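Protein chains in written order, with my numbering: chain B, 3 to 275; chain S, 6 to 274.
If you're looking for bench data, these hints aren't it; they were derived computationally from the structure. Errors might be hidden in some of the hints.
What the hints assert, rightly or not - Computed Cβ-Cβ distance ranges for the label pairs, DEER-style: (1) K112/B x F136/S: 16 to 26 Å; (2) N86/B x L35/S: 58 to 68 Å; (3) A115/B x L35/S: 30 to 40 Å; (4) G80/B x R96/S: 51 to 61 Å; (5) V82/B x P83/S: 36 to 46 Å; (6) K221/B x L24/S: 51 to 61 Å; (7) P275/B x V80/S: 27 to 37 Å; (8) R132/B x G137/S: 34 to 44 Å; (9) K112/B x L266/S: 16 to 26 Å; (10) R132/B x V112/S: 55 to 65 Å; (11) R44/S x E126/B: 49 to 59 Å; (12) L41/S x V82/B: 31 to 41 Å.
To be verified - According to the in silico footprint, chain S covers these stretches of chain B (three or more CB under 8 Å from chain S): (13) 76-82; (14) 93-103; (15) 155-166; (16) 180-190.
Model, not experiment: these values are computed from the prediction. Backbone N, C-alpha and C define an ideal beta-carbon position, used for all residues, glycine too.
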Amino acid sequence: MTRSVCRTRRIRRSLRASGAGAAVLLALSACSSSTGSQVGSDSAGSAEVSGQVTVFAAASLKESFTTLGETFEKQHPGTVVTFNFGGSDALAAGITSGAPADVFASASPKTMATVTDAGATAGEPSTFVRNQLEIATLPGNPEGISTLKDLIASGLKVVLCDKAVPCGAAAQKALEAGGVELTPASYEQDVKAALTKVELKEADAAVVYRTDVKAAGDKVTGVDFPEAAEAVNDYPIAVLEDAPNAGAAKAFVELVKSGDGQRVLTDAGFSTP
Amino acid sequence: MRKSDAPRTGARTVPVPLLVPALVGLAFLLLPLIALLVRAPWSGLPDQLTSPEVWQALRLSLLCATSATLLSLVVGVPLAWLLARTEFPGRGFVRALVTLPLVLPPVVGGVALLLAFGRNGVVGQWLDAWFGITLPFTTTGVILAETFVAMPFLVISVEGTLRAADPRFEEAATTLGASRFTAFRRVTLPLIAPGIAAGAVLAWARALGEFGATITFAGNFPGRTQTMPLAVYLALQNDPAAAIALSLVLLAVSIAVLAGLRDRWMRAT
Chain B
3 MTRSVCRTRR IRRSLRASGA GAAVLLALSA CSSSTGSQVG SDSAGSAEVS GQVTVFAAAS
63 LKESFTTLGE TFEKQHPGTV VTFNFGGSDA LAAGITSGAP ADVFASASPK TMATVTDAGA
123 TAGEPSTFVR NQLEIATLPG NPEGISTLKD LIASGLKVVL CDKAVPCGAA AQKALEAGGV
183 ELTPASYEQD VKAALTKVEL KEADAAVVYR TDVKAAGDKV TGVDFPEAAE AVNDYPIAVL
243 EDAPNAGAAK AFVELVKSGD GQRVLTDAGF STP
Chain S
6 MRKSDAPRTG ARTVPVPLLV PALVGLAFLL LPLIALLVRA PWSGLPDQLT SPEVWQALRL
66 SLLCATSATL LSLVVGVPLA WLLARTEFPG RGFVRALVTL PLVLPPVVGG VALLLAFGRN
126 GVVGQWLDAW FGITLPFTTT GVILAETFVA MPFLVISVEG TLRAADPRFE EAATTLGASR
186 FTAFRRVTLP LIAPGIAAGA VLAWARALGE FGATITFAGN FPGRTQTMPL AVYLALQNDP
246 AAAIALSLVL LAVSIAVLAG LRDRWMRAT
């Protein structure tokens, strides 16, 4: 009833204004979108979740969290999820110095601890996924790399993450576990940079996360190695103490830990905790 | 009476509409540096400064920035001359292209360098196949990355000086029988020397602080490609105090060099 009234009124007004067919379409869409949001706010009356949610998340979560953000916005109309993907340490430093964030998902418990110690999390962080290392090689693995030891072959250019970032610390742990002394061509500043070097064929191999190999598609080939089990990375997530939108932040964390959320994350190469 | 006084006091005092923004600008530039000094971990500083990695990174930074500046001078000054003193179709477009690295995010510049000079790059694959030269992950790679980012500063500065310099001196030299190159060497170069010096200092400073293109193109390996800005960035990941200490070292060295150069070059003119 109200809908048809709206439609005819808008049409008449815009026809008077321009008389163009395009304007009619415009008016129709304007009208339907306004009724749409009305329906949305009616049905979402039960949950108070709305507004903007700012999620600081480790770079390795980019693909899966972007998908989950879209799911969240669909589940809770009226919400907008904004992501800040980056190195966990840089994100943690941002949070402890007052960056306005609602949720922090870190690629390492150690980094999360710096935020918790600063009293910046609301409640205990919880592990929501795990990530494991893999060797990323050129497509089809032309060098026939099958173990960590194969990486020390002469003439092979290997890049690792710097020890200061989580993937580098994990790689170091795995190398030590395997008793492999590897001198890489470069210690990259983060995992995506290490992977890019292989994607661009500048390096023959990189030790990165399984999720990164998966995200790169057919641009690299992943090789599993047993020592990776020694350096499994736990990913903790927490709602932040100063969250401007705590309600929505909690709902987002719930989505991440739900069956749907875990499915998206395991599809991206993560393993469940 | 007042009329005759006005110009004299006006010449001496600084007009407020200029003074206030100037001081705001100065404060804006200096405050972050002062904050760095205030929050510096002074007690831990000696430990930081005696670590061999810091000196290694500093030495590499100075070596690469200086090499990049020399390389920029060798090709940048002739390029500036070409842009300022010759007519050719599309010169304005070429000038815009030269300044492109100024607006390009350095990381993008690094990726572009990889695509051009990388092992699998447009030019790089032939360098590798014919001469066995690979540039990424080498000190040469650092110098190239810094040159790419810093040279536009030199070219712009020198070109500006060339445009301001009177071309009639060169014309007089050529009418007196000097070749165009001799005229450039004996007349133009001495004439624009201050501009070249200013450009070189700018380029050196930019190269010293270069981060994005360097880490993307040359990677990060201590002693080979890890310059100070890279060391600072990585220290920032889990030891902010060390990062501040390293920044202070870089800051002190650059101020010392820049102040030294500036005094010298001011005295020369």
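Do the hints match the structure? See the list:
1. K112/B x F136/S: 16 to 26 Å: 45 Å, violated
2. N86/B x L35/S: 58 to 68 Å: At 29 Å between Cβs, range violated.
3. A115/B x L35/S: 30 to 40 Å: 35 Å, holds
4. G80/B x R96/S: 51 to 61 Å: For G80/B and R96/S the Cβ distance comes to about 55 Å; the hint holds.
5. V82/B x P83/S: 36 to 46 Å: 53 Å, violated
6. K221/B x L24/S: 51 to 61 Å: Distance hint for K221/B, L24/S holds at roughly 57 Å.
7. P275/B x V80/S: 27 to 37 Å: 56 Å, violated
8. R132/B x G137/S: 34 to 44 Å: 43 Å, holds
9. K112/B x L266/S: 16 to 26 Å: Between K112/B and L266/S, where Cβ atoms are some 44 Å apart, the hint is violated.
10. R132/B x V112/S: 55 to 65 Å: Taking Cβ atoms as reference, R132/B and V112/S lie about 30 Å apart, which means the hint is violated.
11. R44/S x E126/B: 49 to 59 Å: Distance hint for R44/S, E126/B is violated at roughly 31 Å.
12. L41/S x V82/B: 31 to 41 Å: 36 Å, holds
13. 76-82: violated (count 0)
14. 93-103: violated (count 1)
15. 155-166: holds (count 4)
16. 180-190: holds (count 5)
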